[in-house]
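2 protein chains.
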Amino acid sequence: MGAVAQRLRDGSGGLNGNGAGQSCRLTVLGATGSIGQSTLDLVARNPEAFEVVAVTAQCHVQELAEIARRTQAKLAVIGDETMLGALRDALSGSGVRVAAGADALVDAAREPADCVMAAIVGAAGIRPTFAAVEQGRRIALANKECLVSAGDVFTAEVKRCGAELLPVDSEHSAAFQALAGADADAIEKIVLTASGGPFRTWSMDQLAAATPEQALKHPNWSMGSKVTIDSATLMNKGLELIEAFHLFPVGVDALDCVVHPQSIVHCLVSYKDGSVLAQLAPPDMRTPIAVALAWPRRMAAPTEKLDLARLGSLTFEAPDEVRFPALRVAKAALRRGETAPAVLNAANEIAVAAFLQKRLAFLDIARLVEETIDAAEKVGAIAPARCLEDILSIDAAARRLAAEQLARYDAP
Amino acid sequence: MGAVAQRLRDGSGGLNGNGAGQSCRLTVLGATGSIGQSTLDLVARNPEAFEVVAVTAQCHVQELAEIARRTQAKLAVIGDETMLGALRDALSGSGVRVAAGADALVDAAREPADCVMAAIVGAAGIRPTFAAVEQGRRIALANKECLVSAGDVFTAEVKRCGAELLPVDSEHSAAFQALAGADADAIEKIVLTASGGPFRTWSMDQLAAATPEQALKHPNWSMGSKVTIDSATLMNKGLELIEAFHLFPVGVDALDCVVHPQSIVHCLVSYKDGSVLAQLAPPDMRTPIAVALAWPRRMAAPTEKLDLARLGSLTFEAPDEVRFPALRVAKAALRRGETAPAVLNAANEIAVAAFLQKRLAFLDIARLVEETIDAAEKVGAIAPARCLEDILSIDAAARRLAAEQLARYDAP
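Protein chains in written order, with our numbering: chain G, 323 to 734; chain C, 323 to 734.
Only chain G is shown next, with the shape it has when bound in the complex:
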């Protein structure tokens, strides 16, 4: 735990990190996704501050080619190998090198850069992000799986390589800023906020009948469907508590969450003298991205300014783990430790996909995840992970176990 608390102030990798006046060499893994696009928006507004090294995408080949041309990237890599020809055609005459496939994504992450935005979504992001860590420079981390599934292994690798980890998630960026390099013994609590999602005020009966269409209507953020469902179950907050455990120098008991429907306050850090430092911002991922790129400096971001008097009121309520059992299940996995969070994450992906396909009821998402963790415990799959291969094999095993559990459920 506490991987982020190192090298807060020397700013080795970020904006101007490689010498005054020089631009930051930046690689964007997952350039066509939401975080990637927001990153490139900031880069476009500060063209003299950045030099784009490599950009990658999984399958959006035309968008990737357009980004590579626009940013004058040196390298464009598409994850789907069948698209190499299309990428080559789209970039012919541009001078941009092209490559394709999973290994090429890893190679892209290894290109010399001052900062790597690790924004590939899901388990596919793990290997490229580990490769970026090996460089020992700044990692702006948007991929959740590196911490949720591979936390112990990943943070050990960050330390070994002397890399600098800056979280891009809004809650963890908020915690990072509110911690400001404080000593671990000064911190009493880190409280992440949760919007409560679209079902915050729903009864158990209503939740039992909730449909994917209803769950996909998030009140504050526009995100991918997996994350939006996680936000409706509060699993998202559970996963974020696991991430926070690995990022910050506090134990499980010092981590908590509070429901805050306006999504303006993103995290609160309590200190032992009674002080609480909080970070607030209108919901716009360009703020945490700008923090990660420029820290310990600040760069301008074209976001809406917070106007508290116009907002009027910020409200808070305790999360309800009865109506939102995913939060309880995730906390239990965090306490269990070892590979329990990896199993939780894999089982949740299977459960959410099944819910979106209407093969699983909303409240059964957490039930399926809990049953999968129990099943994994029984077969001895909850154990310390020594390396990335351990994590990847547990992830695969957990998906199989979850699919077995899923077969027992009737479609709702």
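Source of the hints: derived by calculation from the structure; they are not laboratory data. Check each hint, because a few of them may be wrong.
[Said to hold, decoys possible] Below, computed lysine-lysine pairings styled on DSSO-like, alpha-carbon distance capped at 27 Å:
{"id": "1", "chain 1": "G", "residue 1": "Lys396", "chain 2": "G", "residue 2": "Lys511"}
{"id": "2", "chain 1": "C", "residue 1": "Lys539", "chain 2": "C", "residue 2": "Lys700"}
{"id": "3", "chain 1": "G", "residue 1": "Lys627", "chain 2": "G", "residue 2": "Lys539"}
{"id": "4", "chain 1": "G", "residue 1": "Lys653", "chain 2": "G", "residue 2": "Lys481"}
{"id": "5", "chain 1": "C", "residue 1": "Lys653", "chain 2": "C", "residue 2": "Lys511"}
{"id": "6", "chain 1": "G", "residue 1": "Lys539", "chain 2": "G", "residue 2": "Lys680"}
{"id": "7", "chain 1": "C", "residue 1": "Lys539", "chain 2": "C", "residue 2": "Lys481"}
{"id": "8", "chain 1": "C", "residue 1": "Lys680", "chain 2": "G", "residue 2": "Lys627"}
{"id": "9", "chain 1": "G", "residue 1": "Lys511", "chain 2": "C", "residue 2": "Lys481"}
{"id": "10", "chain 1": "G", "residue 1": "Lys653", "chain 2": "G", "residue 2": "Lys700"}
{"id": "11", "chain 1": "C", "residue 1": "Lys594", "chain 2": "C", "residue 2": "Lys653"}
{"id": "12", "chain 1": "C", "residue 1": "Lys539", "chain 2": "C", "residue 2": "Lys653"}
{"id": "13", "chain 1": "C", "residue 1": "Lys653", "chain 2": "C", "residue 2": "Lys481"}
{"id": "14", "chain 1": "G", "residue 1": "Lys653", "chain 2": "C", "residue 2": "Lys627"}
{"id": "15", "chain 1": "G", "residue 1": "Lys627", "chain 2": "C", "residue 2": "Lys594"}
{"id": "16", "chain 1": "G", "residue 1": "Lys594", "chain 2": "C", "residue 2": "Lys627"}
{"id": "17", "chain 1": "C", "residue 1": "Lys481", "chain 2": "C", "residue 2": "Lys511"}
{"id": "18", "chain 1": "G", "residue 1": "Lys627", "chain 2": "C", "residue 2": "Lys511"}
Guided by the hints, dock chain C onto chain G, whose structure is given.
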């Protein structure tokens, strides 16, 4: 401006500041007041961390003697010279040195110490606090007049002597923490919160008839009567904006305030990337005092813990400068600069005293202050101050001008 932004991280003067494991030699100027007593409460809870050097009071001689015995202070000084005998009697056989008078207060401030808590209220605190600054160690500043009246001269002296200034006011401590040593060009705004006082929702007609008894009922804080009236007029927030201007590296346009009736959020700092860092705490001065004593570390304080879910809601509204003209008058004095804030402060003291004596109506407090500033401008008394003597003579002149204005008012 910006006196506090220096030496944020080296922590030369505070807790453990004079070497690992050694205690902090602490002098408390104004030991019998509210801030002094809260300071000594924290000291009593951490006896191994502090060594009390000198304690002072203006006239509460028995309380001072009791404090000196309890803390095993080396020196006790009473401001009122007529009380020297009483102090000597009360401390006979204790081994505590005693002294009395204004010069003795200044001498007490010069005693070698790692940290001086400058908590003498009013203009009487100016000379002793300047004397403490000369030592070039940490000043925990609770006295407002050093910054409001003597800001330019005081901050120049802080720089010249290499002293370290830590604000003890809850709003400025909050700003200090939310700034965390940020570069000036990263900061977009510093917003202090105001409770709005007991008359927050009152109409102009009600305000015109407000009595001292009504004004003294502050909703959140228990403070002296002068500060409580300033809180009812919002002059307090105006004075704090002037202090903030001298403490932090921002210009007048970057300073503002917002009404927040719960007094939980004390200050918000907006950065150019859209991030806003805020400090929150239940109203208890031991929190900002602990911050000032221990920074950059944190010390435990026995304060109520913030529970946002129980609190439920934090509300914000724009301050109304029509119903609370003192805020407008103070902002104008800040913009005018030079000795205008010193005149503002002196005139306000006269006006508040007259209001408490029922010689002036509530809404006439700001009017009298504004008229005094205008009168001072006319006689050329708004001018640059070169030294402390300039400030003290302007302060005296402003009090005379305010008294002249006051004579024209009928008692309400």
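Consistency of the hints with the structure:
{"no.": "1", "hint": "G:Lys396 to G:Lys511", "verdict": "violated (44 Å)"}
{"no.": "2", "hint": "C:Lys539 to C:Lys700", "verdict": "violated (37 Å)"}
{"no.": "3", "hint": "G:Lys627 to G:Lys539", "verdict": "holds (25 Å)"}
{"no.": "4", "hint": "G:Lys653 to G:Lys481", "verdict": "holds (25 Å)"}
{"no.": "5", "hint": "C:Lys653 to C:Lys511", "verdict": "holds (15 Å)"}
{"no.": "6", "hint": "G:Lys539 to G:Lys680", "verdict": "holds (16 Å)"}
{"no.": "7", "hint": "C:Lys539 to C:Lys481", "verdict": "violated (39 Å)"}
{"no.": "8", "hint": "C:Lys680 to G:Lys627", "verdict": "violated (44 Å)"}
{"no.": "9", "hint": "G:Lys511 to C:Lys481", "verdict": "violated (36 Å)"}
{"no.": "10", "hint": "G:Lys653 to G:Lys700", "verdict": "holds (19 Å)"}
{"no.": "11", "hint": "C:Lys594 to C:Lys653", "verdict": "holds (24 Å)"}
{"no.": "12", "hint": "C:Lys539 to C:Lys653", "verdict": "holds (25 Å)"}
{"no.": "13", "hint": "C:Lys653 to C:Lys481", "verdict": "holds (25 Å)"}
{"no.": "14", "hint": "G:Lys653 to C:Lys627", "verdict": "holds (23 Å)"}
{"no.": "15", "hint": "G:Lys627 to C:Lys594", "verdict": "holds (9 Å)"}
{"no.": "16", "hint": "G:Lys594 to C:Lys627", "verdict": "holds (9 Å)"}
{"no.": "17", "hint": "C:Lys481 to C:Lys511", "verdict": "holds (24 Å)"}
{"no.": "18", "hint": "G:Lys627 to C:Lys511", "verdict": "holds (11 Å)"}
Violation of the numbered hints given earlier is confined to hints 1, 2, 7, 8 and 9; the remaining hints are satisfied by the structure.
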